[in-house]
Amino acid sequence: MNDTSPGAMAQLRLVESWLPLAQAECARYGWGYDSLRLEQLILLAAPSLRHAPTLLAARALLWHYQQRMERGER
Amino acid sequence: MTNRGGTKRSSWLIFRRRLALVRTLLRGPLPREGLIEAVNQDMQGQGYVGDVASALKHDLDALKDEYGCRVVYQRASKRYALEHMGDLALLDLPDTSLEALAFLEASFPEGAALPEHASIRDLLDRVLLLLPAARREQQRGRRAILSLQISDSPASRIEPTLVATVKRAIVQRQELSFAYRSPRADGATIQHRVAPYEIVFRPEGHVYLDATLLEVTPRDPAAPIPSPIHYRLDRMVPGSLVLLPTVLPPLRPQPAAYVLRYRLAPDVARRRDVAPHFPNSEIIYHDDGSATVTAITTNLWQARQTLLRYGSACTVLEPAELVELFRSAIRKMTANYESG
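Quick mapping for you: the protein sequence lines, in order, are chains A and B. Okay, so the first sequence: first residue is 1 according to my numbering, each after it adds one. Okay, so the second sequence: first residue is 1 according to my numbering, each after it adds one.
FYI, nobody ran anything at the bench for these hints, they're computed from the structure. Among the hints, erroneous ones may be present.
Computed footprint of chain B on chain A, listed as stretches where at least three residues anywhere in the stretch have a Cβ under 8 Å from a Cβ of chain B [stated by the list, open to error]:
#1 7 to 15
#2 18 to 25
#3 44 to 53
Partner residues are not named here, just some residues of chain B that face chain A (Cβ under 8 Å, in silico) [to be verified]:
#4 E175
#5 P245
#6 T246
#7 V247
#8 L248
#9 P249
#10 P250
#11 P253
#12 I296
Note that the coordinates shown come from a computational prediction; the quantities given were computed from them, not determined experimentally. Every residue, glycine too, gets a C-beta built ideally from N, C-alpha and C.
Isolated chain B, as found in the complex:
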């Protein structure tokens, strides 16, 4: 009786250990010691005991023989990597969820900046790996009937090491300095020192670092210090990024906020469904079909970009600084067409 109970318990432990091993491998390649440690942690010390090396080899062989899992040993890095789950499907999903997966795959295609740098492709590949083979095949043939229309600038335009450095600066709350190719300076590079806060993917396909400008060399009178700026990552000069030792406070200093007021013509406001583009938006619809929007903005350049989409249907009433930005943009646009 005791023996039978012991064998049962032992079989159950081995089964659990193999599942823990697969879960560990799903996180990514690991050396032998890393696998053993992770499994033991998962099983609170009941994983690998005694002849550890032999037990691990048995488990890897069993995963291959019983389920067709493909685990390879990468000699160069001395790590084990799970390449294929075989028949060990740990996940199945209802059709609606598979449709959602297809939506994500269509919206975040391989090779584009956002999916690559936000690791979305990696996540999708891992989820697909967990599905039964038949469902995976079915998914490959599925045509997405929904997708986000995001412009897909190629990921190759932004070096992965550059993104990694920016991410590290944000996580470690460290100041960052870099050379930046500004469109205003005829391709010349300008040295910036910033407090980095977030990487932002915009629908037009560009990737930005949302940061507070602390220093710019040479000085730019048009850029007040400190001021929030969205830097395009593909305009940062690779190799110029330096993490500075200054650690930033956990709270971002509040930038100057502007009260923003603009009027929208009946052409765009008549249906009374104007989008609130800015924080604290209050929209008043008038009898003639027009609307007046009052809101708060901390970034005039971004506000200008947003409101320019309305074309002539939008008139900015305040702040005066934004009105001047619009006047300047319109003067330049007019000059473009007059000179042609």
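Chain A on its own, in the form it takes in the complex:
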């Protein structure tokens, strides 16, 4: 059953907004992530992404959190 609670919907919207950029970075750096892994990356980076003032900053944050994910950090 789909979770339609406000929290789950907010999370879905967050992923929906940032997925295109995360996908582009994934393709650029050849991470080979599937949609589930990309979603994990976005959720991990979300608190910092909120404050990213520019596209470059957002890309740098995604790259940073991807490195953390690869090291198994949370």
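Got chain A; can you put chain B on it based on the hints?
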């Protein structure tokens, strides 16, 4: 010698402090603490020291006595406000610039949506406030000989709080949801969730929010998601706007782009001065006086509105979706006249 030098320095500091005080007041009303802080920041800590309250009172009295400045204390908000500059004219302008001011005043009249919501009237009033009294009077009597012909829909049709909420959503890069009175749904309101990007004033007098549609309830098969849409602000239902917590990426997702190609009849293209209405416009003029324009568009509805102005002098060749929009519009127009 030391005393004389000290007095000189002190007088100079007081003069600078009073100028800084006026500049601060020109930004808008402030409480006493705000004025002191701003002046001190401006003068790098050399503004108000020691008996601060007394020094501020002296400065306000001096501005009134020496220059006729009118600074009032608003009791309700506990703030000081500059109402009139008196003789303290900080700005004068050449006649050509005054002519430009008159042009702006004539083009953006008081009470109309664009000047009010873009704060143009506020800017003009502040510039006029800085002029010497004689120049201000001269400006009042000046007749504008140039003006932009912008339709002036009344500002009262759009609530300032609504505009403020939309502006905040854009600045904070937050999703926005609102109820929208769509002309297609017999006045019914439709709930939209959008990514907001810019407020656009169009020459016909309407004010739009340029946004990307993310969700619409009930679903509308004619509105693909995501798609760029210009929402009229006066059709948003006041009180329905909600800033959602989702923060948007700093880059707008690129909407689907269409190659647009249309032919213009000799009637409008013969003089070889066709306006490039769309990005990447390439215009080829033909020997018979007609022209073919190739360009890029991301908004078919907007493209239709633009090209309809040419009337029968324009034939859209592609994309097929725009050709269909034209056919549909022409069918409806024909029906309007046949039924009459």
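Structure versus earlier hints - violations, ascending order: 12
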